[in-house]
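Engineer: Letter by letter, the chains look like this.
Number of protein chains: 2
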Amino acid sequence: MNETNQLLAAYNRTAYPLIGHGKRNLQVLKDVVIELDGNRESDVYGTGEVIEEFQKKIATFLGKEAAIFFPSGTMAQQIAMRIWCDKKGLKRVAYHPLSHLEIHEEDGLKELHGIEAVLLADETRQIQLEDVLNMGTNVSCLLLELPQRELGGELPDYEDLEAISAFCHEKGIVLHLDGARLLEALPYYQKTAEEICQLFDSVYLSFYKGIGGIAGAILAGDKPFLDESVVWKRRYGGDLISLYPYILAADHFFTTRQDQFNKYYEGAKELASLYNQCHGIVTRPVVPVSNMFHIHFPLPTKKLEPILLSIYEETGVGMIMRLRDKDEASSYCEVNIGDQYASVPKEVLTKAFQLLDQKMKEA
Amino acid sequence: MNETNQLLAAYNRTAYPLIGHGKRNLQVLKDVVIELDGNRESDVYGTGEVIEEFQKKIATFLGKEAAIFFPSGTMAQQIAMRIWCDKKGLKRVAYHPLSHLEIHEEDGLKELHGIEAVLLADETRQIQLEDVLNMGTNVSCLLLELPQRELGGELPDYEDLEAISAFCHEKGIVLHLDGARLLEALPYYQKTAEEICQLFDSVYLSFYKGIGGIAGAILAGDKPFLDESVVWKRRYGGDLISLYPYILAADHFFTTRQDQFNKYYEGAKELASLYNQCHGIVTRPVVPVSNMFHIHFPLPTKKLEPILLSIYEETGVGMIMRLRDKDEASSYCEVNIGDQYASVPKEVLTKAFQLLDQKMKEA
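These protein sequences, in sequence, are chains A and B. The first sequence lines up with residues 47 to 409 when you count with my numbering. The second sequence lines up with residues 47 to 409 when you count with my numbering.
One or more of the hints may lead you astray.
As the list claims (entries may be wrong) - Restraint ranges, calculated between C-beta atoms of paired labels, are given here: (1) Tyr204(B) <-> Asp77(A): 46 to 56 Å; (2) Tyr204(B) <-> Glu81(A): 42 to 52 Å; (3) Lys217(A) <-> Val277(B): 46 to 56 Å; (4) Lys134(B) <-> Pro143(A): 32 to 42 Å; (5) Gly68(B) <-> Glu360(A): 48 to 58 Å; (6) Lys407(A) <-> Val277(B): 42 to 52 Å; (7) Asp371(B) <-> Gly182(A): 40 to 50 Å; (8) Glu240(A) <-> Gln244(B): 34 to 44 Å; (9) Asp77(A) <-> Val277(B): 45 to 55 Å.
These are calculated hints, taken from the structure and not from any lab test. Glycine residues also receive a C-beta, built at the ideal position from the N, C-alpha and C atoms.
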C-alpha cells in the first residue's frame with residue numbers, strides 16, 4: 047500500500063471525517079431507492095415523467111427555458127461548445143487552462159469536434175475582465191467555471207462577471223457557465239441561481255459534487271439550443287434507454303441539500319481559519335468563497351503523512367483524504383465541506399488543530 | 047391518446063402479457079438494490095472492485111482478454127470503429143443498412159469521427175458471404191449484428207460466419223461483433239459465447255435487451271484495443287464517476303437469466319407458430335432463430351388495433367405492445383420472448399389465438 051492509500055484508508059477509519067457528505071458506497075443508492083414507488087415507470091430514451099419533470103424543475107431553478115439531463119458534464123459541455131461553434135461557424139472557444147475540458151477530458155473537444163481552445167489567464171489566477179476584453183472576438187463561446195475548482199474554488203467579483211457578460215453579449219460571443227458547483231457559489235454572491243444564470247446563455251450543473259448524487263448533469267438554456275443538444279446526446283451514446291438511477295438520486299439529494307450550501311460555506315471559512323492558524327500552513331483562498339479551498343503545507347507528503355496519521359489516531363479526526371506533492375519541500379490538497387463537518391464536536395476539532403500546529407512547529 | 051398508445055395502455059393492463067420480462071419500472075432497480083451490501087464501495091472513474099470484477103467476468107464469458115463497461119452500446123461501438131480505423135489509417139467501415147449505427151445514432155460515426163460507412167446487402171436480407179467477398183479490402187472493419195434485430199432476429203449459417211471470419215483475417219479486415227443480443231443467438235447455433243466470439247476481433251454485448259438490465263454495455267477484445275477505448279470513453283464523457291447502478295443490475299440479471307435463453311428461443315418458435323396459424327398472418331422468420339421475430343399482418347393498424355383490443359379484453363392475453371403501419375393495407379410489429387411467456391396458461395393462449403384467427407378471417 048502506498049502512502050496516499052494509507053492516508054485515505056486511515057481517513058476512512060476515523061470517527062470524525064471533516065470532508066464532504068460521507069462515503070461513496072452503495073448505501074447512497076439504497077437510501078434513494080428505499081423510498082421509491084416500484085410502479086413508477088422508467089424514463090425511455092429521454093422521455094417519461096421521471097426525466098421530464100426533473101428537467102423542468104431544474105430549468106425553473108436555473109431560470110432557463112429548458113434543461114436536458116446528461117450522463118456527464120464532460121458530454122454536456124462538449125456538446126454545448128459544438129452547438130455554439132456551429133451557430134457562429136467558428137470552431138474556437140475560450141476558457142481557463144485549468145478548465146475541466148483542458149485537463150480532464152483527454153482532448154475530447156479537439157479529437158471529437160476539431161474545436162480549438164483559446165486559453166485565458168494562467169494557472170495562478172482566474173480569468174479577469176481584462177483577459178476577456180483582450181481576447182478579441184475571434185471565438186464563438188467563452189466558458190467560465192464558477193467556482194473554479196483547480197484554484198481552490200475562487201470566484202470573480204460579481205461586478206466583473208456582469209461586465210464580462212455585457213461585453214460578450216455586445217460582441218456576439220456566447221457565454222457558457224461551467225456551473226458544476228454552481229450551488230456552492232450562491233452564498234458568497236448572495237444571489238439566486240437564476241440571477242447568476244441570467245448572465246449566461248447556457249449553463250451546466252453537476253449532481254455529484256456538492257449535491258452528492260451518484261452521477262449526471264443538467265445542460266440548460268433556450269429550447270432550440272437544447273433541441274440540438276438532444277441530437278448530439280444520441281450521437282454520443284448518452285441518450286440511454288434509462289437514466290433514472292442517476293435522475294432519482296440527483297433529485298433526492300438536490301431536494302435535501304439545496305438549502306445547505308450556506309452552512310457548508312460557513313464551515314469552509316471556519317475550517318480554513320483553523321488551518322491558517324497552524325504553523326506554516328496557508329489555504330487558498332485564505333478566506334474561502336465557496337464550500338471548498340486548497341491547503342498548502344510546507345512539508346512534502348513523506349513528512350506530512352505520518353503527522354496526519356498520528357493526529358487521526360489520537361483524536362479520531364479525519365482531516366485530509368489525499369495529499370499531493372507540490373515540490374520536494376511542500377504538498378497540497380483539496381478540501382470541500384458537506385454534511386459531515388457540522389457534526390464534529392468543536393472540542394475534538396480544537397484538539398486536532400492544536401496538535402497539528404504543534405507538530406508543524408516541531409517538523 | 048393516439049391508437050398506438052391505446053394499444054400499449056391496454057397491453058399494460060392485461061393479466062397475461064406475452065412479451066419480454068415485464069414492465070421497465072423502478073421495481074427493476076429496487077429488486078437489484080434490496081440485496082446489496084450498503085458498505086460496498088462505488089466504482090470511481092472505471093476503477094474499483096464493482097466494475098473491475100464484472101469486466102473480468104464478462105471477458106471470461108466471451109473468451110476475450112479484457113472487457114470495459116460502457117454506459118451504452120452506441121458509445122462502445124463508435125469507439126471500436128474509430129480505434130480500428132485509426133489502426134489501419136482508413137476511415138471506412140462496412141455494415142448492414144439496418145445496423146444500429148446507420149439508423150439509430152443520428153450519424154454519430156460520421157459527425158464525431160468522419161468515418162464513412164460502406165453498406166452491405168439491403169433492407170430485405172442479411173449480409174452474406176458473397177457480399178463480403180465482393181466488398182473489396184478498402185475498409186478497416188466489418189461489423190456484423192447477430193442476431194439482426196431489424197430483420198426479425200435473423201442469423202447467418204454458422205459456416206458462412208466462419209468463412210466471413212476467415213476471409214477478413216486473411217485480408218487484414220477487423221471483424222467486429224454487434225452482439226447486443228449475443229445470448230439470444232446461442233441456442234440456435236448450439237455454441238458458447240466464447241466459440242462465437244473467437245471468430246471476431248472485438249465484441250459488444252448489451253445488458254438491457256434479453257438480459258433485462260437497466261442500461262449499459264460491454265466492449266471486449268484484446269488489451270491494447272481496450273486500453274485505447276478507455277481514453278475514448280473519457281473523451282465521450284462516458285467515464286462516469288459511478289456506473290455501479292447499471293453494473294449491479296447487469297450482473298444481477300446476467301446471472302439470473304444467462305441460462306434461460308434456450309427457453310426463450312423455444313417460446314419464440316411456439317408463439318410464431320401460433321401466429322402463422324392465423325389467417326393471413328406471417329412471421330419473419332417463419333421459424334425464429336432467436337428469441338425474437340417480426341409479425342406481418344394483412345391489415346393496417348387502424349383496423350387491426352380494435353381486433354387486438356377486443357382479444358386483450360376478452361382473454362386477458364397481451365399480444366403486442368406497439369404496431370406500425372407498413373403501408374395502407376398492412377402493418378407489422380416486433381416480438382421478443384423473455385420471462386413472461388412461459389407463465390401464460392396454454393388454454394388461455396389457445397383461446398386468444400383462436401379468436402385472432404377467427405377475427406382475421408372476418409376482417
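Engineer: Measuring from beta carbon to beta carbon, are Tyr204(B) and Glu81(A) in 42 to 52 Å?
Structural biologist: 50 Å, holds
Engineer: Please test the hint of 48 to 58 Å on the beta carbon pair from Gly68(B) and Glu360(A).
Structural biologist: 55 Å, holds
Engineer: Could you see if the CB distance from Lys407(A) to Val277(B) stays within 42 to 52 Å?
Structural biologist: 46 Å, holds
Engineer: Within 40 to 50 Å: is that where the Cβ-Cβ distance between Asp371(B) and Gly182(A) falls?
Structural biologist: For Gly182(A) against Asp371(B), whose Cβ atoms are near 55 Å apart, the range 40 to 50 Å is violated.
Engineer: Could you check the hint for me, namely that Lys134(B) and Pro143(A) are 32 to 42 Å apart, CB to CB?
Structural biologist: Given range 32 to 42 Å: holds, Cβ gap about 35 Å.
Engineer: So the hint says 46 to 56 Å: do the beta-carbon atoms of Lys217(A) and Val277(B) match that?
Structural biologist: 36 Å, violated
Engineer: Taking the Cβ atom of Tyr204(B) and the Cβ atom of Asp77(A), is their distance within the range 46 to 56 Å?
Structural biologist: 49 Å, holds
Engineer: Should the hint that Asp77(A) and Val277(B) are 45 to 55 Å apart at their CB atoms be regarded as holding?
Structural biologist: 34 Å, violated
Engineer: Is 34 to 44 Å a correct range for the gap between the Cβ atoms of Glu240(A) and Gln244(B)?
Structural biologist: Once the Cβ atoms are compared, 58 Å apart, the range 34 to 44 Å for Gln244(B) and Glu240(A) is violated.
Hint check: violations occur at hints 3, 7, 8, 9; the rest are consistent with the structure.
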